[in-house]
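There are 2 protein chains.
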Amino acid sequence: MGITVVGTVAFDAIQTPFGKVDKCIGGSGTYFSVAASFFTDVALVGVVGDDFTEEEASIFKGRRINLDGLQRVKGEKTFFWSGEYGFDLNVAKTRDTQLNAFAGFQPKLSEAQREPDVLFLANIYPELQYDVLKQAKRPRIVALDTMNLWIETKRAELERVIREVDLVIINEAEVRQFMSESNLVKAARGILALGPRAIVIKRGEYGVLMITKDSAFAAPAFPLENVFDPTGAGDTFAGGFLGYLASRSELHDREFRRAIVFGSVLASFTVEKFSLDRLREVTLAEVQHRYREFRALTHFEDFEV
Amino acid sequence: MGITVVGTVAFDAIQTPFGKVDKCIGGSGTYFSVAASFFTDVALVGVVGDDFTEEEASIFKGRRINLDGLQRVKGEKTFFWSGEYGFDLNVAKTRDTQLNAFAGFQPKLSEAQREPDVLFLANIYPELQYDVLKQAKRPRIVALDTMNLWIETKRAELERVIREVDLVIINEAEVRQFMSESNLVKAARGILALGPRAIVIKRGEYGVLMITKDSAFAAPAFPLENVFDPTGAGDTFAGGFLGYLASRSELHDREFRRAIVFGSVLASFTVEKFSLDRLREVTLAEVQHRYREFRALTHFEDFEV
Chain A
1 MGITVVGTVA
11 FDAIQTPFGK
21 VDKCIGGSGT
31 YFSVAASFFT
41 DVALVGVVGD
51 DFTEEEASIF
61 KGRRINLDGL
71 QRVKGEKTFF
81 WSGEYGFDLN
91 VAKTRDTQLN
101 AFAGFQPKLS
111 EAQREPDVLF
121 LANIYPELQY
131 DVLKQAKRPR
141 IVALDTMNLW
151 IETKRAELER
161 VIREVDLVII
171 NEAEVRQFMS
181 ESNLVKAARG
191 ILALGPRAIV
201 IKRGEYGVLM
211 ITKDSAFAAP
221 AFPLENVFDP
231 TGAGDTFAGG
241 FLGYLASRSE
251 LHDREFRRAI
261 VFGSVLASFT
271 VEKFSLDRLR
281 EVTLAEVQHR
291 YREFRALTHF
301 EDFEV
Chain B
1 MGITVVGTVA
11 FDAIQTPFGK
21 VDKCIGGSGT
31 YFSVAASFFT
41 DVALVGVVGD
51 DFTEEEASIF
61 KGRRINLDGL
71 QRVKGEKTFF
81 WSGEYGFDLN
91 VAKTRDTQLN
101 AFAGFQPKLS
111 EAQREPDVLF
121 LANIYPELQY
131 DVLKQAKRPR
141 IVALDTMNLW
151 IETKRAELER
161 VIREVDLVII
171 NEAEVRQFMS
181 ESNLVKAARG
191 ILALGPRAIV
201 IKRGEYGVLM
211 ITKDSAFAAP
221 AFPLENVFDP
231 TGAGDTFAGG
241 FLGYLASRSE
251 LHDREFRRAI
261 VFGSVLASFT
271 VEKFSLDRLR
281 EVTLAEVQHR
291 YREFRALTHF
301 EDFEV
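Which chain is which? The protein sequence lines are A and B, in order. Here the first sequence stands for residues 1 to 305, where the numbers follow our numbering. Here the second sequence stands for residues 1 to 305, where the numbers follow our numbering.
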């Protein structure tokens, strides 16, 4: 039922050209869960320290998010990431990462968490992704995200997981890096050859490109006059994308395309304010409205002869 | 009738990661004319030296391109551009530019050239663009392209032309540079405030974004496994875009969107080989076929509630 996601719940310190926040809620599991919960039930598997209080946990309240899998480690602090962006908001520069409670994280899925429709392995150690994947019982879709660090330092471990997932959701630069191939389409085909059904390439302000063995789908990002903080946009996208898929009985190309647009819509809200400040206040009606604006943005008719 | 274009006809030397050509046909006017001639009659206004032989001029033969406005200056050489691309094919590095015959170019439009449906001022000196614009008699559409050099060195002259055109067709980085504004949508609105009806932003391998006072349209670039040489892609796009518009009696948003897709289709052929080697062999049937592939690439349905 629904989605199980394994990812980080974190505190972030963020600086962009438009402002600065010393401590706000972040983490791949956080953004993903809130986004996916617009469409389906989410079981969030992660870990926090005892500095993650009820007040912070309120981000998950009143949503379809089950926190049975969110461990709280006494005497530890929560995972911490500090990063900054220049005027090119597509590129984050990491200043500091403190694993804290996450260092000893060894997720054990409960019976309920083992049997989701969709399993999402957010960007964590590839070994941990593999371990979780092996605990799951036949989800309809298994998807993963990753990062440049694991491509550089744990390539074999990462490839082992990629060979067993259905979807790879990954940044454009990482596709090229993983295959050592500058042409994006060739690089994507190289990853598909390892086994996944589709690769969903995140291109920041340029949108998303999905490539399967026999089709391609390109969606732009929603053009925004105010982009304050791109942190979490990729995880929000993945949450909206997989959340929508988990809510569907059929999983044809048509549904994948709609799912990509819903993911893009949710990500476009995330970047409008710092942290989850915008995403947490968005309503389903606003999401559906922007979906239709996406249609207007991209629609064109066949030519007349 | 049709289009009048004022631009360069050139020899290029090009190096990309996939090969090297010491002397091939290039120039904004050349790419533009060949692309536009798929849809409409083109009057090409430009200048070459006497090293531009009948053999080179054969690129224009058998097409709807009138060369009455292509001056040939005896004792001069043709405009020459030398550039190279690294693995990021979005960025050209200019090695050398030799104006040659172009240095003394002072176009005087003939009566026929003064009355086109569409006038395109390719990337030449802003003063020359202004002079040509003033010679034209009420075209339905006047469009211009420009470059970073003119934004840096002739900003006032460039702004004077922009205030009088209908369409600005320009690279993404130049939009930001012209307005000193990192947010693309805000920067585009700043340019629209000067007068143009629409701004068409070229984003290389990420496609095109058109912004008008009350709408936006985003088209991806066609994903290609083989991109050999991006030279001329922008001018080919402009040619397909404006050529299609010139062939239409109505100029609503619907036609602009189709025009952008035809421009993108033609540009996608240009980059598949060096110089105009691919564009010159393409048929209208191939162009129409890829237009429909573009539809498949971008189409998605409304969601079901």
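What the hints contain is simulated information worked out from the structure, not anything from laboratory work. You may find that some hints are simply not true.
Copies of one chain are not kept apart here, so a pair can be met inside one copy or by any two copies together.
Stated by the list, open to error - Here are the simulated DSS-like cross-link-like pairs (lysine-lysine), alpha carbons at most 27 Å apart as the crow flies:
#, residue 1, residue 2
1, K213, K134
2, K61, K213
3, K74, K154
4, K93, K74
5, K93, K137
6, K61, K186
7, K77, K186
8, K213, K23
9, K93, K213
10, K186, K108
11, K213, K273
12, K186, K74
13, K137, K74
14, K273, K154
15, K20, K74
16, K134, K23
17, K273, K134
18, K186, K20
19, K93, K134
20, K61, K93
None of these values were measured; they are calculated from a predicted model.
Now for the hints, and whether the structure bears them out:
no. : hint           : in the structure
1   : K213 with K134 : within (25 Å within a copy, 53 Å between copies)
2   : K61 with K213  : neither (40 Å within a copy, 41 Å between copies)
3   : K74 with K154  : neither (30 Å within a copy, 64 Å between copies)
4   : K93 with K74   : neither (30 Å within a copy, 56 Å between copies)
5   : K93 with K137  : neither (37 Å within a copy, 53 Å between copies)
6   : K61 with K186  : neither (43 Å within a copy, 36 Å between copies)
7   : K77 with K186  : neither (43 Å within a copy, 41 Å between copies)
8   : K213 with K23  : neither (43 Å within a copy, 39 Å between copies)
9   : K93 with K213  : neither (34 Å within a copy, 35 Å between copies)
10  : K186 with K108 : neither (37 Å within a copy, 48 Å between copies)
11  : K213 with K273 : between (37 Å within a copy, 25 Å between copies)
12  : K186 with K74  : neither (48 Å within a copy, 48 Å between copies)
13  : K137 with K74  : neither (31 Å within a copy, 79 Å between copies)
14  : K273 with K154 : neither (34 Å within a copy, 37 Å between copies)
15  : K20 with K74   : neither (29 Å within a copy, 63 Å between copies)
16  : K134 with K23  : neither (35 Å within a copy, 58 Å between copies)
17  : K273 with K134 : neither (37 Å within a copy, 47 Å between copies)
18  : K186 with K20  : between (39 Å within a copy, 22 Å between copies)
19  : K93 with K134  : neither (33 Å within a copy, 49 Å between copies)
20  : K61 with K93   : neither (31 Å within a copy, 53 Å between copies)
Taken one by one, the earlier hints fail for this structure at numbers 2, 3, 4, 5, 6, 7, 8, 9, 10, 12, 13, 14, 15, 16, 17, 19, 20, listed in ascending order.
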